[in-house]
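With the hints as extra help, turn the sequences into a complete structure.
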Amino acid sequence: MKRGNSQLIKGARERLASLQLSDALIEKLAKTNEVAQSVTFYAPRSGVVENLNVREGYFIEPGMQVISIAPLDTVWVIVDVFEAYMNKVAVGQHVSVSFDAVPGKKWHANIEFIYPRLHPKTGTLMARLTLANDQGVLRPDMLGEVIIHTAMDKAKSFVKIPREAVIRTQGEERVVVRVGSDQYRSIPVTMGPRDENHVAILDGIAPGDEVVTSAQFLIDSESSKRAAFSRMSSPDPHADMKPSADNSSSHPPAKSMTHEHHNMKGASHD
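Each residue of the sequence shown is one higher than the last, beginning at 35 in the working numbering.
Not one of these hints is a red herring.
Only pairs whose alpha carbons sit at most 30 Å apart, straight line, appear in this in silico DSBU-like list of lysine-lysine:
hint	residue 1	residue 2
1	194	139
2	194	122
3	155	140
4	140	194
5	155	122
6	122	139
7	44	62
8	44	65
9	122	140
Don't read these hints as lab results, they were simulated from the structure.
Given below as structure tokens:
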């Protein structure tokens, strides 16, 4: 620096800049000719620390990655698709995404990439999409629900019912149908494609069956759920559930019939 060789000075400045030293620190060094004992490095943009490879007292060597930071203005969502539906998923399909942590908010995107192999542990096909996260409400490792909008197979007959009518138990899905005057039975079903409001039932119920759309009235605990299903699924006609008048205040009124205890809707056929 003292020699005033402009080429050497320019080369030194470029070398320091390539090491991510700030312009202010380079100017200070040029004016004082004093080497700083410690140097503060600033992240070029905001984000979340993904990996921190050093601790106090560590020695840093050339080429060592000290820290990695990922911005969260956009996030990847990895979707697990069951093997039975893998042939219905394609790049470019529109999807809607919701998260329990952000109630009332939905994101919309398209599938960008489908991984070529199934997950070795879950046996699901993984698809990837990108969501905008301008407000920073989405965090790594959050769980959400993804609806892939596909054209339902018109060649196959199915019954369409509201999604809230399906009760998910351990290992199966069920719906509650009316089998007589004030009598109901739990029926196992096979679900097919679904959208935001409805689900296709491929097996278990027939067009015209009346299903309970507020079926969670059955459930207070896992034990009561299993007991209720056991009673309701019994072939004994005396085992069919008859709602008690004592519970009339705890269930929503009917929309399509005079019975006061359960919200009933007929299954539509597509």
